[in-house]
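**Q** Here's the letter readout for the chains.
Protein chains: 4
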Amino acid sequence: MPRQAVVLRVPAAAPDDVSGIQAAFASGIDPAGVVAILGKTEGNGCVNDFTRAFAVSALHGLMDRLLPAGGADRISYVMSGGTEGGLSPHFLLLARQDSAAEMGEPALAVGGAQTADLPPEAIGRLAQVEMVAAGVRAAMRDAGITDPADVHFVQIKCPLLTAERVADAEARGAPTATRDTLKSMGLSRGASALGVAVALEEIGLAAITNESIGRDMALWSGRASTSGGVELMNHEIVVLGMSRDWTGPLAIDHAVMNDAIDIDPVRAALRRLGFAFDGQLGADQQDALVALLAKAEAGTTGRLRGRRHTMLDDSDISSTRHARAFVAGALAALVGHAEIFVSGGAEHQGPDGGGPVALIIDRDRLNGANQ
Amino acid sequence: MPRQAVVLRVPAAAPDDVSGIQAAFASGIDPAGVVAILGKTEGNGCVNDFTRAFAVSALHGLMDRLLPAGGADRISYVMSGGTEGGLSPHFLLLARQDSAAEMGEPALAVGGAQTADLPPEAIGRLAQVEMVAAGVRAAMRDAGITDPADVHFVQIKCPLLTAERVADAEARGAPTATRDTLKSMGLSRGASALGVAVALEEIGLAAITNESIGRDMALWSGRASTSGGVELMNHEIVVLGMSRDWTGPLAIDHAVMNDAIDIDPVRAALRRLGFAFDGQLGADQQDALVALLAKAEAGTTGRLRGRRHTMLDDSDISSTRHARAFVAGALAALVGHAEIFVSGGAEHQGPDGGGPVALIIDRDRLNGANQ
Amino acid sequence: MPRQAVVLRVPAAAPDDVSGIQAAFASGIDPAGVVAILGKTEGNGCVNDFTRAFAVSALHGLMDRLLPAGGADRISYVMSGGTEGGLSPHFLLLARQDSAAEMGEPALAVGGAQTADLPPEAIGRLAQVEMVAAGVRAAMRDAGITDPADVHFVQIKCPLLTAERVADAEARGAPTATRDTLKSMGLSRGASALGVAVALEEIGLAAITNESIGRDMALWSGRASTSGGVELMNHEIVVLGMSRDWTGPLAIDHAVMNDAIDIDPVRAALRRLGFAFDGQLGADQQDALVALLAKAEAGTTGRLRGRRHTMLDDSDISSTRHARAFVAGALAALVGHAEIFVSGGAEHQGPDGGGPVALIIDRDRLNGANQ
Amino acid sequence: MPRQAVVLRVPAAAPDDVSGIQAAFASGIDPAGVVAILGKTEGNGCVNDFTRAFAVSALHGLMDRLLPAGGADRISYVMSGGTEGGLSPHFLLLARQDSAAEMGEPALAVGGAQTADLPPEAIGRLAQVEMVAAGVRAAMRDAGITDPADVHFVQIKCPLLTAERVADAEARGAPTATRDTLKSMGLSRGASALGVAVALEEIGLAAITNESIGRDMALWSGRASTSGGVELMNHEIVVLGMSRDWTGPLAIDHAVMNDAIDIDPVRAALRRLGFAFDGQLGADQQDALVALLAKAEAGTTGRLRGRRHTMLDDSDISSTRHARAFVAGALAALVGHAEIFVSGGAEHQGPDGGGPVALIIDRDRLNGANQ
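Chains as they are written, first to last, in the numbering used here: chain A, 1 to 371; chain B, 1 to 371; chain C, 1 to 371; chain D, 1 to 371.
Quick list of simulated restraints, FRET-style, between CB atoms:
id	chain 1	residue 1	chain 2	residue 2	range
1	B	Leu-205	D	Gly-282	57 to 63 angstroms
2	D	Arg-271	C	Arg-74	49 to 55 angstroms
3	A	Phe-277	D	Ala-127	54 to 60 angstroms
4	D	Gly-20	A	Asn-234	55 to 61 angstroms
5	A	Asp-287	C	Glu-211	45 to 51 angstroms
6	B	Arg-271	A	Gln-22	45 to 51 angstroms
Listing some non-contacts, in silico: residues in chain A with all C-beta distances to chain D over 10 angstroms:
id	residue
7	Pro-2
8	Pro-68
9	Ala-268
Worth flagging that the hints you see were computed from the coordinates, not collected in a lab.
Since this is a predicted model, take the numbers as computed values, not measurements.
From the three backbone atoms N, C-alpha and C, an ideal C-beta is built for every residue, glycine too.
Given only the sequences and the hints, what does the whole structure look like? Please build it.
**A** And the structure:
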């Protein structure tokens, strides 16, 4: 019997507002089919962003009440902090269910996996790349996808260093890759993205060294999206792709932005998916775009198309916060609203200063909107 | 003899980097014709943003070396702090010169004026509205524009309160409209914008009361752009419009964004001005767009197209900084770069959450680009 | 049978780290006796500080597992966000238990109360003052204290406005006292403090008007400490005082700092309580000081002892964060560590720029330390 | 003829407020004797703090008007950004003049030096240590001090990296020690402090390696104070000590704080210098303390006396800003006001988490105050 992916986008009035998720279950979605819940929460998205853990606590509590013992632990909760600019806090519920429909066209496939805990001293190093690559392969197996080319997006939540974790590692004689806690987030995101690139055969493992992680920005995945969180020491991995073993109206495609305002590839992907529009998506079309996920970062050259930007020199606001607000504006002006999943810190995710974008659409709604 | 407006956009490597302005003079622009220098500087754009004063100090020093005694004081220096997201620090040199050309089509006209000092207790009150309206009329006279409909943009730099100014006023028995220094910036910007609306006959003076300033967001000008600065207690006013008494390749038009991502009116204005494009402006076309000036603000409803935003509840980053980064992304994705003049705090400047946009183009370059 | 107060200070490794509280129960404290749990959590202490709600969620969850149905709801959870400077996140567990000891000297008494929900439009207005005054009287009754002079500290958690609450109230035709969400925290703290002053007979209710709240800084309580939180709409009140009906080694006294560095009254209080020391408390003495609770704020004059400070003009860091870090330094240098409860925003709590300080000591330990 | 040091502390109403310095010259101090002007300015003290450059611009302009050509360039302008907590922006004018007095007791001696420009790739490396050590020796010669033990304080302003400087160096094939601009400030401050330690024979040069800079916190100077600034690429060095070749009422001593609240060594130094007091300095005594200069930093262990602090995990506020506010509170509570020179970032300046403190007093005024 074919499987069908379910993707629901629900607004959140606060980090712990799970009422929208509850309503989804009340309306018929089976909690037992949930693979992952992604969320944009309204913290700073940096080291001391506890909105992520708060959301996870609320979501886990909800799932624990709805599922048999241990069931809540098998779900990936991937919170990305930071709703700068007009970004609107929301959750994305990713689930799967059996379908009575016949199989036909390829449809959205969803798979998940979790790795073991990573010791603090391995963050941002080759051991993390390898651990993540194995995890992505496990998630592909869970999705029933065998060809890496069928994967369009891999979302990963990865660990970071805190002052205490640094001290712990040093006490064990194992110095961490950095003592700077904010910087550790970038290294962890970068190593995780390279793990995706290895699993998707975008880069060979041999091309990556400890030294290139966080430094050689020519190495990147066009389909990875990774976020760091203080609340975990392992990796939570969700793979999204297209498969003939799945059915239903949902489909996914992706694009790669070359810099923060390079929206024409996204526009092209929308048109490729069937959206006919000039300028901004119309209101009906907006409903057919179920989810947009993108990465944002400040280019390390200090320049955007040759002109100086100041994001990297601002000691009041982290460059990740600047970049999320800015890229959110670029994408929201294209798709007509800002309830989009723009995640900061795109180290090794897309070219320097750019990043991957994934688009999940509902083909049934799109047909209605285009008529 | 007709006059011709000159508008140059020059990047700045730091708030006090006047080397680009110097180069402009070296290339033949007459310092004596300078009416105003606008600048986007890289501070926080809020109360304690000293990059504005630092830039003014450097610019004034430069002009003082180039002009006869007192000449530097007759120029308006309108610095707008805040280059969030990818915004690129730059100056806009506005000058005028005599032209040997025959008059033909209407062309860009530039006029300036400065008001007297405003006492701190008048900030954000009706007295400020009236003072600014008179100042705008003086700047229109300076530009030779008689019909308010020919004005497309009015840029104003207005004063704000500091803790010391509040204390001074209170010591004189004259309480200020607010004690909150950041809030005073909004009140001053709002009252100044309403002064523009009165001068341009968008709103009648009788419709404005002390109570409506900063509160009744249905009152707005579609052509005002106002910024506050700690470095002045008066108003510096620059009027930009179209006039048959002026000549040259420059032209101006404006649009009003209804919210932070409402870029279709700007796209329409670009097309109206002669740009033929889909998606993003091409590189050649970018050269023909001499300057883009826009206002950005977080809508006071806490929502953007029905979805919650968090800009007004963020106590770490001022909502003006969020809004600049976000609107800059929306506009940069349209025009292809971020060396644009996005100024925060759009109280009474455009609808709530939106704002006016002005576009200055070079028709000669545009003809070349379109060919 | 006399009652005995229990006060435990436990460090927190994160906002939701309740392991220290659990350990206290494991060591013999009866969860059924808990009146309140106070906490310093590591958020920004301003509008969007979700560390407070996260801590409350974790603490409530713990108590709910330990107490009969409804028991967890009867406890006051008073989280104060902001551990700037060296402040160390921690909880203060306030409980009471029956004692077999004979009554003798007066000892620490603890009482609690909660008010009904306050509508958003009443925040910062006289109705809030009256509601809080009634709540303080209820908490005194709960503590068995009849003479207001025996009360040394009243800790209150009060509500604040968010953009959504402002919009809700306005939709009902009931404009709020301010639309500025950060400012609403100050008004709510101020009105709550004046409620304490009324209940403790420091100020007569007739002396307070809507206009004086947040403005007339000559009106203040020397024993109130109030914090705002987004997570509640009512008030949680804890009263601490001395009573002959209570027994045990704990005692409380208070001092009023006239400005942010006026620590000599605190030094005097410590000596009055029996600490013999020069300079800084010694390590043994530190153990005898069970808890120090203080309020911090930036003086509204913009000056500290005649010299300009910049806290009120800083648009990057809220003045409440500056003040907590600064006052924490002053007090930590006196008592020898920074696991102290310094709470920001001292509107109507102590003189302008100063604030009340409460000291809870263990007389048995002090006798040991002084020997 | 003996020399006499002059030290004046003047408040600043803004970064460019040189009116207090002008008044000092008007009252008889000879501008030709100025060695250095130190300043606490009200920026963030981090990478994009332009208040330092703005102050230097204003001070240099003033001195340029008062001195013969080139004279203004021989003065060291050492601005330290960041007046967190109650810190009050001010300048310290350090000058010397001939004295008709007979030599007697040792008195304050002042010397200055400037190094050549440092290439960006040498920042935070051994080459910087050696360059600074040579510069300190030059400044000692300028002060006429031969014994390193007679030096009590060395203030240095050192360069930092910006995104552009990193890119420049990399383009030349010379990678910088870090790409993180904020981190570069710490490395530069640390290498400069180690240069002082070498010159003062606190540490042998052989004990320092590239790897130990910024890492081995057991290496430190008890008399160095270094600040980074974006406005220079060389080092400006001022040495303060005691010498029998100098005369006048001024004297200097120093202390080392072991952590952020370790004020007892400072109290001891004050008593050693002749102040008789309990608790806080009295108003008369405050006048006799001409200047207090201290370093502040967040201890890298993440703990203060065993209790967790959150300064290093705060991505909204730089730990240097937290530490300045906190240490300022500790010291201001001792000396009775906050017009003190607390400078952030104490890498290799005093023990980890602590820092050196210098006290300049006027012995004539102290005699008056003690009577």
